[in-house]
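Chains as they are written, first to last, in our numbering: chain A, 1 to 534; chain B, 1 to 365; chain C, 1 to 171.
Hints were generated in silico from the structure; no laboratory data involved.
Any given hint could turn out to be false.
To be verified - 30 Å max Cα-Cα, derived DSS-like pairs, lysine-lysine:
| hint | chain 1 | residue 1 | chain 2 | residue 2 |
| --- | --- | --- | --- | --- |
| 1 | A | LYS458 | A | LYS443 |
| 2 | A | LYS427 | A | LYS492 |
| 3 | A | LYS458 | A | LYS492 |
| 4 | A | LYS458 | A | LYS427 |
| 5 | B | LYS325 | B | LYS47 |
| 6 | A | LYS492 | C | LYS89 |
| 7 | A | LYS443 | A | LYS387 |
| 8 | C | LYS117 | A | LYS228 |
| 9 | A | LYS427 | A | LYS293 |
| 10 | C | LYS117 | B | LYS47 |
| 11 | A | LYS387 | B | LYS10 |
| 12 | A | LYS427 | A | LYS443 |
Here the structure is a predicted model, which is why all the values come from computation and not from measurement.
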Amino acid sequence: MPPIREAALSAAAALPQFAPALRANLLIGLTLAVVTLPQAIAFSTTLAGLPPHFGIYAAIWGVLFTALLNPSRVFSGGPNTTMSAAIGMTLLPMAPQYGAEYIGYALTLILLAGLFQLLFVLIRPLGRMLDLVNEPIINGMICGIGFFLIFKSLTSFAGLPINTEAEWPLWIAWHSLRALLEIGNLYAIQIGLVTLVTALVMRQFAPLRHWSILLGVAAGTAYSAWLKSRYGLENLFIEEIGNLSSVGLVFPSIPLFSQEALPEIIAMLPGAVTLALLGLFQTVAAMRRLTRKVGGYTDSRRGIFSDAVSNCLLPFLSSLPTCASFNRMWLVYRLGGDSRITSIVSAGVLLLMVLFVAPLIAVIPMPAMAAIIMLLGANMIAWEDIKPHLSNRREAIIFTASFLSVLFLDLFGAVVVGSVLAILYSKWEQAHPNISVAGSALKIRGNIYYGSLPVIEKTYHEALARNDRLVIDFSQAYYIDPEGLRWLAAAKRAGRATFIDRRSGRDRRAHQTLTAAIAQMRRAKRDRRQKAQL
Amino acid sequence: MRRPLLILSKSAAIVLAAGAVYLLAEREHAERERLRAAPVELTPACKAKLEGYALAPGERYRSPYALKTLGTPVDARGYSEADVRAIQRGCNLIDDLQGQLASRGAAERWNATRFVRGSRTSCDHCHQGVGDKQDAEGHRQVGSLGLGASWAMADMYDRFTGLLLSYEMRQMQCFINSSNGFKPNAADDVLRDVTAYSRFLSAALDLRIGNRYPEQGIDEIPASATLRRGDDYVRGAHLYRTQCSACHGPQGHGTVVEGKFAYPALAGPQSFSSDSRMNFAAVNSVMPGFICRNMPPGREGSLSNQDCRDIGYYLSTLPRPAGDKQGPLAAAWQQFMMTVLPPLAAYADGLRNRHPPIENGDAAD
Amino acid sequence: MARNRFTLLAAVLGVVGFVIWAHLASGFPVFHSHVAAEPGWEQFRLAYSVRDFGDDGHFVRAAQNGYNVFYFTYRYAWRFTRKTALDAKNACASCHRAEDLAYAFVNSDRYDARAGKRLSFEDQVMRCFAEHMDGFVPTLYDPTVRDLRILARAVAHHLQLGEGALNAAAQ
Numbered sequence: 001m002p003p004i005r006e007a008a009l010s011a012a013a014a015l016p017q018f019a020p021a022l023r024a025n026l027l028i029g030l031t032l033a034v035v036t037l038p039q040a041i042a043f044s045t046t047l048a049g050l051p052p053h054f055g056i057y058a059a060i061w062g063v064l065f066t067a068l069l070n071p072s073r074v075f076s077g078g079p080n081t082t083m084s085a086a087i088g089m090t091l092l093p094m095a096p097q098y099g100a101e102y103i104g105y106a107l108t109l110i111l112l113a114g115l116f117q118l119l120f121v122l123i124r125p126l127g128r129m130l131d132l133v134n135e136p137i138i139n140g141m142i143c144g145i146g147f148f149l150i151f152k153s154l155t156s157f158a159g160l161p162i163n164t165e166a167e168w169p170l171w172i173a174w175h176s177l178r179a180l181l182e183i184g185n186l187y188a189i190q191i192g193l194v195t196l197v198t199a200l201v202m203r204q205f206a207p208l209r210h211w212s213i214l215l216g217v218a219a220g221t222a223y224s225a226w227l228k229s230r231y232g233l234e235n236l237f238i239e240e241i242g243n244l245s246s247v248g249l250v251f252p253s254i255p256l257f258s259q260e261a262l263p264e265i266i267a268m269l270p271g272a273v274t275l276a277l278l279g280l281f282q283t284v285a286a287m288r289r290l291t292r293k294v295g296g297y298t299d300s301r302r303g304i305f306s307d308a309v310s311n312c313l314l315p316f317l318s319s320l321p322t323c324a325s326f327n328r329m330w331l332v333y334r335l336g337g338d339s340r341i342t343s344i345v346s347a348g349v350l351l352l353m354v355l356f357v358a359p360l361i362a363v364i365p366m367p368a369m370a371a372i373i374m375l376l377g378a379n380m381i382a383w384e385d386i387k388p389h390l391s392n393r394r395e396a397i398i399f400t401a402s403f404l405s406v407l408f409l410d411l412f413g414a415v416v417v418g419s420v421l422a423i424l425y426s427k428w429e430q431a432h433p434n435i436s437v438a439g440s441a442l443k444i445r446g447n448i449y450y451g452s453l454p455v456i457e458k459t460y461h462e463a464l465a466r467n468d469r470l471v472i473d474f475s476q477a478y479y480i481d482p483e484g485l486r487w488l489a490a491a492k493r494a495g496r497a498t499f500i501d502r503r504s505g506r507d508r509r510a511h512q513t514l515t516a517a518i519a520q521m522r523r524a525k526r527d528r529r530q531k532a533q534l
Numbered sequence: 001m002r003r004p005l006l007i008l009s010k011s012a013a014i015v016l017a018a019g020a021v022y023l024l025a026e027r028e029h030a031e032r033e034r035l036r037a038a039p040v041e042l043t044p045a046c047k048a049k050l051e052g053y054a055l056a057p058g059e060r061y062r063s064p065y066a067l068k069t070l071g072t073p074v075d076a077r078g079y080s081e082a083d084v085r086a087i088q089r090g091c092n093l094i095d096d097l098q099g100q101l102a103s104r105g106a107a108e109r110w111n112a113t114r115f116v117r118g119s120r121t122s123c124d125h126c127h128q129g130v131g132d133k134q135d136a137e138g139h140r141q142v143g144s145l146g147l148g149a150s151w152a153m154a155d156m157y158d159r160f161t162g163l164l165l166s167y168e169m170r171q172m173q174c175f176i177n178s179s180n181g182f183k184p185n186a187a188d189d190v191l192r193d194v195t196a197y198s199r200f201l202s203a204a205l206d207l208r209i210g211n212r213y214p215e216q217g218i219d220e221i222p223a224s225a226t227l228r229r230g231d232d233y234v235r236g237a238h239l240y241r242t243q244c245s246a247c248h249g250p251q252g253h254g255t256v257v258e259g260k261f262a263y264p265a266l267a268g269p270q271s272f273s274s275d276s277r278m279n280f281a282a283v284n285s286v287m288p289g290f291i292c293r294n295m296p297p298g299r300e301g302s303l304s305n306q307d308c309r310d311i312g313y314y315l316s317t318l319p320r321p322a323g324d325k326q327g328p329l330a331a332a333w334q335q336f337m338m339t340v341l342p343p344l345a346a347y348a349d350g351l352r353n354r355h356p357p358i359e360n361g362d363a364a365d
Numbered sequence: 001m002a003r004n005r006f007t008l009l010a011a012v013l014g015v016v017g018f019v020i021w022a023h024l025a026s027g028f029p030v031f032h033s034h035v036a037a038e039p040g041w042e043q044f045r046l047a048y049s050v051r052d053f054g055d056d057g058h059f060v061r062a063a064q065n066g067y068n069v070f071y072f073t074y075r076y077a078w079r080f081t082r083k084t085a086l087d088a089k090n091a092c093a094s095c096h097r098a099e100d101l102a103y104a105f106v107n108s109d110r111y112d113a114r115a116g117k118r119l120s121f122e123d124q125v126m127r128c129f130a131e132h133m134d135g136f137v138p139t140l141y142d143p144t145v146r147d148l149r150i151l152a153r154a155v156a157h158h159l160q161l162g163e164g165a166l167n168a169a170a171q
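Sequences are here, hints too, so could you generate the full structure?
Structure (structure tokens):
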């Protein structure tokens, strides 16, 4: 078939050109792998309540699938904090964590979310509506989720069991902190603090920034190993990642769909919608942000497509769901890599790591994972992301509302509030055109439609009360809907308003020049006739 | 040149902060350890009960109750000093959850106050007799929420949460539902001490694992246990006024004697939430079951099944705090109702007292 | 554009094909959430009359999972032990009988001199995994630990053990 041959030939022709870039991409892929591994494991154990191989497979197969399904050079997907937290929060009341039943429910949840995301691919207008979720909303949610991550990891940090029902996040924070201080496992707290301190200190040094999390985990693991040699694990009661030797190349899995589980699955649907929307919001926002920083354009539909298809398939491979990660994409771009190749390389490196270094990963202590989550949560609260929104009053309100909704409502409520805010905000913007009254001239810049008419008509009548004749200048109104036309017609019939010509200033000047020229020509013609008559 | 100094100072600050957190944690841990090792001051009810069951450290434990009821002694494993202290603390927690009878207040009860919304609620308001209600002959009251029997039958499937609830989780549920509070962590001493006390009760009463004893839980009264004529608000209000309000107050706010609830609140901010299973509107068989088996104290069994359902229905109409799962709007509404209704109802009652009902026939409210 | 679409379709088919291969042809065991039936369960159930306790399906299913964990630890609690099918003592049943579990359950929550504190049954299970199963410490609320406790309850119910019951050896 010609297309295949064509593709193969062009790939073969391009290969020698790839070679030097390939080596650079290999290094970048390696960096990506070591950055992603501790995070992925932490997401699945601390946030989602799933065994660690879920995070690992998300970092391998999830990254690989999204790289293959999205042809863009800058897109890079992988496991995500917010989506893992959403899984944990949705399933907490349903089954004890890490168990077979819980895993089954989680796989079903991810599959439902993937199918919901598929709807966004197939129905184009839905995809467009995602663009309405603007930056203040996304950044507000991310900021709130950053705090939420810190609060949620406090109990794991202290080696304590979590509470088994989702609760008001701010209350979790206070009582988890008290539980940590009063009944927490002191050894776990030591390990967690060692990890935190090491990672934070390493971050101060520029060349070690990317490696700070890995170094923190290594320090925590080393300290935990020393404690074990001194006191013995049975006296420490420190939880660790656990045996990974049964985790091979793939771990195929079947989501749970049984008649008995149906009430729970139906109860999970809001959670599935939340999960889907969180993934889509983040993908669209990350791609938008990256294209703005990088220049060039990438259609966010590709990101949605790769997300949706991966999330429909990953539940069958025991993996967490994926979405675009701005941090990873920015890292790859800054280091000058091609995101597809680096993603494939990182997936390959992780696969080798899991197959050969599993015994080393198995002894990483859970408090270290909790410390990682805390660090990532703190990273999400970035002042340089928040500051721009606080300067504009409307954006500040939207940002604050989005932020508080994450802290006071659960994630589903926050997503609902975010979506409603997005729609309201866009409508508010449209419904308030710029109306100025200068003397007896009423100038409208913006839309004249049913939403903005109340404001326009109010100003119109106020202006009419002051002047008996009014000039309505709507030459800069770029959209007038039928109701707007009806208002204009009524204003005309009332007889006290005249409309300004709908030509731009330049046209008017050109028109004046033209009329002046025509007048001059007529005058010249008349003069010639008069001269001829004389 | 300044940059290394900046890095150094930042790193030092991080290390110091971590050290401070750890030292604080160590101090709190030491305080807890000290409390665990301290001798326990029993409340009067607990003193009587535990002495009655001969709780003492030793190699073997022999229950006087089992000896009396079975005739032959039953030897069980004995308790160490630490176990005895835990059991004593557990008894104290059930009897006086918020430490009103404790010399050092709530600290002696592991600060359980922070997990309970009402300021005077205690576990033995519902788990009467400090979790072990018996009549004068030593027969255990049916449907009296006995804690020993609860331990024997734990890890049951719970139809409300759809999970197998361990004993710790059942206690946590209790904190959310009945005590109208938040809940402690699964590893908290509050839960462990209450578990220790419940296990001691099951040893003292010679209960066997997995058997269903009649004093366990509540003997629920569904509609099918009545003539199914419907639950009547008017009858319920009348019954409440004549039978219950002398102790529980006309608005259901309970009676406080010396800072402790002599008779607990059934409505208002100190009572159980509307999510709780004690609320007739949530589960309509539990409250009537409780009333019929345990109320009025001393005259248990004097009310008929329909009477109990009527009272339960009436109680569910009184305002109480919203449950955790009902959201901020419901919580705000319930707060509003709890603030507004009691004075209104008191005013209405005052009106009725000024204009007493007509002689013939019962008054309509 | 057509070439892009074609490569995209090829990628989708490749990925889907990989998933199907993993499930059907790869030879790796597939994860199901249902409790698997292991040999010996029916006899165990009859012998210890597991059905009678609570008489509800959830409890019996948890007890069955506990049975699987107890007798086939290396397979069902593989996350918490490094032992494999080839090791000598690779299951709880290698050292304990089901009755031992029940007696340990009713005698738990007592002061342990070696640990210097009161240990619950779950604590003891967690210690056993760490110390004797060449393994790791499970979480307190992990279903592995819960189902072992439920198995202990089921056996204790069959033996009609009370709190603090002493077995013949201790008496």
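Comparing the hints with the structure gives:
Between LYS458 (chain A) and LYS443 (chain A) the CA atoms are separated by roughly 14 Å; this keeps the pair inside 30 Å, and the hint holds. In summary, the hint linking LYS427 (chain A) to LYS492 (chain A) is supported, as the alpha carbons are separated by about 28 Å, within the 30 Å threshold. Between LYS458 (chain A) and LYS492 (chain A) the alpha-carbon distance is near 16 Å, which keeps this suggested pair within the 30 Å criterion. For the hint linking LYS458 (chain A) to LYS427 (chain A), the alpha-carbon distance of about 19 Å falls within 30 Å, and the restraint holds.
Between LYS325 (chain B) and LYS47 (chain B) the CA atoms are separated by roughly 38 Å; this puts the pair beyond 30 Å, and the hint is violated. Under the criterion of a C-alpha separation no larger than 30 Å, the hint pairing LYS492 (chain A) with LYS89 (chain C) is inconsistent with the structure, at around 96 Å. Proposed proximity of LYS443 (chain A) and LYS387 (chain A) is contradicted: the alpha carbons are some 34 Å apart, above 30 Å. Distance restraint check for LYS117 (chain C) and LYS228 (chain A): the Cα-Cα separation of roughly 19 Å lies within the 30 Å cut-off, and the hinted pair is therefore satisfied.
Simply put, LYS427 (chain A) and LYS293 (chain A) have alpha-carbon atoms about 27 Å apart, close enough for the 30 Å limit, and the pair holds. At roughly 25 Å between alpha-carbon atoms, LYS117 (chain C) and LYS47 (chain B) fall within 30 Å of each other, so this suggested pair holds. The straight-line distance between the Cα atoms of LYS387 (chain A) and LYS10 (chain B) is roughly 23 Å, inside the 30 Å bound, and the hint therefore holds. Proposed proximity of LYS427 (chain A) and LYS443 (chain A) is supported: the alpha carbons are some 21 Å apart, at most 30 Å.
Hint violations for this structure: numbers 5, 6, 7, all remaining hints satisfied.
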